[in-house]
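J.: Here the protein sequences come in this chain order: A and B. Read left to right, the first sequence gives residues 4 to 464 (my numbering). Read left to right, the second sequence gives residues 4 to 464 (my numbering).
If you are wondering where the hints come from, they were derived from the structure by calculation, not from laboratory data. A portion of the hints provided could be inaccurate.
Unchecked claim - DSSO-like, lysine-lysine: derived pairs with alpha carbons at most 27 Å apart: (1) A/Lys-5 - A/Lys-295; (2) B/Lys-272 - B/Lys-226; (3) A/Lys-226 - A/Lys-213; (4) A/Lys-417 - A/Lys-5; (5) B/Lys-138 - A/Lys-295; (6) A/Lys-417 - B/Lys-417; (7) B/Lys-428 - B/Lys-138; (8) A/Lys-226 - B/Lys-295; (9) A/Lys-272 - A/Lys-213.
2 protein chains.
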Amino acid sequence: MKRLFANAMILAWEGENFRLIRNGYLGIENDSICYIGSDRPVETYDEERDFSGKLLMPGLINCHCHAAMVLLRGVGSDLPLDRWLYEEMFPVEARLTAEQISAGNALAMMEMIASGVTSFSDMYMEPETAILLNKDIGMKMNLTRVVQSFDPNERAEDSSRISESIALFESQHNAQNGKIRIDFSIHAEYTITECIVRGYVERIRPYLSKGARMHLHLSETEKEHRECIERHRLTPAQWFDSLGVFDLPTAAAYCVWVTEEDLRVMLRKGVYPIHNPSSNLKLGSGFAPIPKMLDMGLMVALGTDGAASNNNLNMFEEMHLASIIHNGYHRNPVIMTPETVLKMATIHGARLQGRNDTGSLEVGKKADIIAVHFSDRAHMLPAFDPINMLVYSAQSSDVCMTMVDGQILYENGKYLTLDTDKVLKDARCAIQSLYGIKNGFRIRRKLHGTCRSGISVHASI
Amino acid sequence: MKRLFANAMILAWEGENFRLIRNGYLGIENDSICYIGSDRPVETYDEERDFSGKLLMPGLINCHCHAAMVLLRGVGSDLPLDRWLYEEMFPVEARLTAEQISAGNALAMMEMIASGVTSFSDMYMEPETAILLNKDIGMKMNLTRVVQSFDPNERAEDSSRISESIALFESQHNAQNGKIRIDFSIHAEYTITECIVRGYVERIRPYLSKGARMHLHLSETEKEHRECIERHRLTPAQWFDSLGVFDLPTAAAYCVWVTEEDLRVMLRKGVYPIHNPSSNLKLGSGFAPIPKMLDMGLMVALGTDGAASNNNLNMFEEMHLASIIHNGYHRNPVIMTPETVLKMATIHGARLQGRNDTGSLEVGKKADIIAVHFSDRAHMLPAFDPINMLVYSAQSSDVCMTMVDGQILYENGKYLTLDTDKVLKDARCAIQSLYGIKNGFRIRRKLHGTCRSGISVHASI
Numbered sequence: 004m005k006r007l008f009a010n011a012m013i014l015a016w017e018g019e020n021f022r023l024i025r026n027g028y029l030g031i032e033n034d035s036i037c038y039i040g041s042d043r044p045v046e047t048y049d050e051e052r053d054f055s056g057k058l059l060m061p062g063l064i065n066c067h068c069h070a071a072m073v074l075l076r077g078v079g080s081d082l083p084l085d086r087w088l089y090e091e092m093f094p095v096e097a098r099l100t101a102e103q104i105s106a107g108n109a110l111a112m113m114e115m116i117a118s119g120v121t122s123f124s125d126m127y128m129e130p131e132t133a134i135l136l137n138k139d140i141g142m143k144m145n146l147t148r149v150v151q152s153f154d155p156n157e158r159a160e161d162s163s164r165i166s167e168s169i170a171l172f173e174s175q176h177n178a179q180n181g182k183i184r185i186d187f188s189i190h191a192e193y194t195i196t197e198c199i200v201r202g203y204v205e206r207i208r209p210y211l212s213k214g215a216r217m218h219l220h221l222s223e224t225e226k227e228h229r230e231c232i233e234r235h236r237l238t239p240a241q242w243f244d245s246l247g248v249f250d251l252p253t254a255a256a257y258c259v260w261v262t263e264e265d266l267r268v269m270l271r272k273g274v275y276p277i278h279n280p281s282s283n284l285k286l287g288s289g290f291a292p293i294p295k296m297l298d299m300g301l302m303v304a305l306g307t308d309g310a311a312s313n314n315n316l317n318m319f320e321e322m323h324l325a326s327i328i329h330n331g332y333h334r335n336p337v338i339m340t341p342e343t344v345l346k347m348a349t350i351h352g353a354r355l356q357g358r359n360d361t362g363s364l365e366v367g368k369k370a371d372i373i374a375v376h377f378s379d380r381a382h383m384l385p386a387f388d389p390i391n392m393l394v395y396s397a398q399s400s401d402v403c404m405t406m407v408d409g410q411i412l413y414e415n416g417k418y419l420t421l422d423t424d425k426v427l428k429d430a431r432c433a434i435q436s437l438y439g440i441k442n443g444f445r446i447r448r449k450l451h452g453t454c455r456s457g458i459s460v461h462a463s464i
Numbered sequence: 004m005k006r007l008f009a010n011a012m013i014l015a016w017e018g019e020n021f022r023l024i025r026n027g028y029l030g031i032e033n034d035s036i037c038y039i040g041s042d043r044p045v046e047t048y049d050e051e052r053d054f055s056g057k058l059l060m061p062g063l064i065n066c067h068c069h070a071a072m073v074l075l076r077g078v079g080s081d082l083p084l085d086r087w088l089y090e091e092m093f094p095v096e097a098r099l100t101a102e103q104i105s106a107g108n109a110l111a112m113m114e115m116i117a118s119g120v121t122s123f124s125d126m127y128m129e130p131e132t133a134i135l136l137n138k139d140i141g142m143k144m145n146l147t148r149v150v151q152s153f154d155p156n157e158r159a160e161d162s163s164r165i166s167e168s169i170a171l172f173e174s175q176h177n178a179q180n181g182k183i184r185i186d187f188s189i190h191a192e193y194t195i196t197e198c199i200v201r202g203y204v205e206r207i208r209p210y211l212s213k214g215a216r217m218h219l220h221l222s223e224t225e226k227e228h229r230e231c232i233e234r235h236r237l238t239p240a241q242w243f244d245s246l247g248v249f250d251l252p253t254a255a256a257y258c259v260w261v262t263e264e265d266l267r268v269m270l271r272k273g274v275y276p277i278h279n280p281s282s283n284l285k286l287g288s289g290f291a292p293i294p295k296m297l298d299m300g301l302m303v304a305l306g307t308d309g310a311a312s313n314n315n316l317n318m319f320e321e322m323h324l325a326s327i328i329h330n331g332y333h334r335n336p337v338i339m340t341p342e343t344v345l346k347m348a349t350i351h352g353a354r355l356q357g358r359n360d361t362g363s364l365e366v367g368k369k370a371d372i373i374a375v376h377f378s379d380r381a382h383m384l385p386a387f388d389p390i391n392m393l394v395y396s397a398q399s400s401d402v403c404m405t406m407v408d409g410q411i412l413y414e415n416g417k418y419l420t421l422d423t424d425k426v427l428k429d430a431r432c433a434i435q436s437l438y439g440i441k442n443g444f445r446i447r448r449k450l451h452g453t454c455r456s457g458i459s460v461h462a463s464i
């Protein structure tokens, strides 16, 4: 099957930069890109579609997510962090069933597909539910079964979470033609012991040659960063490094409070920082030193975090925030470029996920492509510089096609691999059973209230 | 004509707070709200419409805009501020014609209507073009002909801009059944002389009793604020106050660098600060002390600024930013509440505009109402707290109806008072004639380039 997308603006990739083709052709053969150019290809194609007024670009990669937490969207956001966590999040999460998590994953995938996400990295419970759903839905995902331990006597050999992670890796890594990847994961420094980390690293080291990677939370809050230094005389980054964690290719979410020495360690070890601007701002965590990371050459990626601390999974919002908040914080209007932000949301994310066959539009790469409306929408005119427009003006609702491995998942408001009625119905059922409410708009008084922002979910996994 | 909107969530207003009706009825008689309640009204209505799964709320009020600058969206955003301003903005704006400005205004109104804006305050040239357009379109707008002067010998009596402003006030204030209001305006401290300000205030003082109001830029950048002190030994706020400007009800855009003493002056004089978070961040201006203003009791409103420094006119984005950036900056996750941000975008804006008959859903107020999708959209489920959802999760594309004075301007993607084909065609023509380009996607090399953010348009008016 060969498809030709004609008359499109194409955000292609050449060397290490975007190359914009104003009016071009993109050919797809089966699951891969077989042609990109300004001229009509000479080969014949089975199908041709007109993309006039639309831009084709690589699918967005959401590198840090707790997808099923869409079920907790907005819950308890009236409370300060500690009360919210212990009074609201923990009790709800403690009773989450696999069925509910599955419903949450489907709802999250529905949201992400429509907003142009082709691949995401998830850290939550019951990852098998996402794998099962994805047989039909067809996204790409790096999944983890998160590891944490509060028992100083627990040994890695006895950790069921580690054993389950390894079993999951062995059975599912590279499943579904590589759409599924299994990563290893540590929740955070403050939810694990040194003994477990050492043993965990040793247990998973044999899988390094098979593509094992690590995903963790790092220096999100000042308290976390400071208390780690008090406990270990090392920052979280230096502590993880000292225990061999960074010997695996590691994706580190947040990195708000990392020091310059931390960044040097991370650069040396090839750690990928993941910027989560909505979550860091909403929770009052602070401003991650993203411009410094980029200056040093770190490969920064972008993520939404879970919906409970965001409160959506909208990568266009994250791109917009990443492009402007550092200008404001450093009082320097040219400290972040739109190109850099777009790289964070695409090619950097693909590399972080260990997916060298996606993240950019190049011949030979997988056809993980989205189309964005650039005509007939008032907020997209004029569009002198399309990259600038994507970051500063475009909305997730401008996405008009989402394709993964050459398969269209979403087009012009319609989902082709997902039954939206079922997903919404299942989500409503899950919400009802989880909270004991009659519909999506009612909840016990204790679960909402005077409505203050400021919630966090990370310690709850 | 009496219309009943049935089965809606309604964000009503009571005392000084929102009151949410989960499933209610809203009646409209001609241009005003005649009923709000949980129970079906006993009166008969000419028409009934079902709003199941939708939320009715007051229209958003964009309190600081340079609407026609949509024609300059993204232009020159590769350059540092000074070069951009002198090499790109000034030459373009110097050759703007009334016809082009009219096309820009229509494009901006098309964008704002679809994103739920019912009223905006504008500061630009050729306001008559917006008045003429609005006879068909039907928004509300506070327009100004901006005053500036660089000649120390110019006197207010001789200022054609002041004379034109007064003439505009006399002929158009409260035109179109009050939809049009004319405000007076001073561009900024750094673009006007003391002599002109004193004379201007005296010339417009007689119009105070007829509803004259003032709209200006205040302490946007540290440089502006510092240089004013060097020039006048007063901050911009104190300087304007010393010259009698604040004797008029005044709307002050930005207020990034205002001091605590400035805020006390502004509170005493009833000055309304306007928060423009996208612009302040993108341009690297900094973080306006919004939480402090709110604590002190100042009536803070919200605006988009012009599209050249944003780059869109999306009040949902501004609400989102206003709700999270101060949490991050002050490292306090509960410093801004969603309710406060929603007030800034609605009732505070109405008061700033001198429109006491709008800005909230109450019986007797004008039917300036928008409807927002709350069902069948993955990112809006669950919606335990709808106010929280509006600010943290909703998108401008969730707006499914925009009504002004009981007239529907936009519904389910269709414009009822605006010919979108004509607006887009006129905008493209204006862009072509302005820049000498063949279509909206081409421009001379010198007008784009390596694409760096960081542009400002304020001194260019």
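J.: Hints first: check each against the structure and report whether it holds.
T.: Checked hints:
1. For the suggested pair A/Lys-5 and A/Lys-295, the alpha carbons sit about 44 Å apart, so the restraint of at most 27 Å is broken.
2. Between the alpha carbons of B/Lys-272 and B/Lys-226 the distance comes to roughly 25 Å, so the proposed pair stays at or under 27 Å and holds.
3. With a C-alpha separation of about 36 Å, the suggested pairing of A/Lys-226 with A/Lys-213 is violated against the 27 Å cut-off.
4. Annotation: proposed proximity of A/Lys-417 to A/Lys-5 holds, straight-line Cα distance about 22 Å (limit 27 Å).
5. Between the alpha carbons of B/Lys-138 and A/Lys-295 the distance comes to roughly 52 Å, so the proposed pair goes past 27 Å and is violated.
6. A distance of roughly 19 Å separates the Cα atoms of A/Lys-417 and B/Lys-417; the hinted pair therefore holds under the 27 Å criterion.
7. In summary, the hint linking B/Lys-428 to B/Lys-138 is supported, as the alpha carbons are separated by about 20 Å, within the 27 Å threshold.
8. Pair hint A/Lys-226 plus B/Lys-295 holds up; C-alpha atoms about 25 Å apart against a cutoff of 27 Å.
9. Of the pairs offered as hints, the one joining A/Lys-272 and A/Lys-213 holds, with about 18 Å between alpha carbons and a cut-off of 27 Å not exceeded.
Hints 1, 3, 5 from the list above are not met by this structure, while the remaining hints are.
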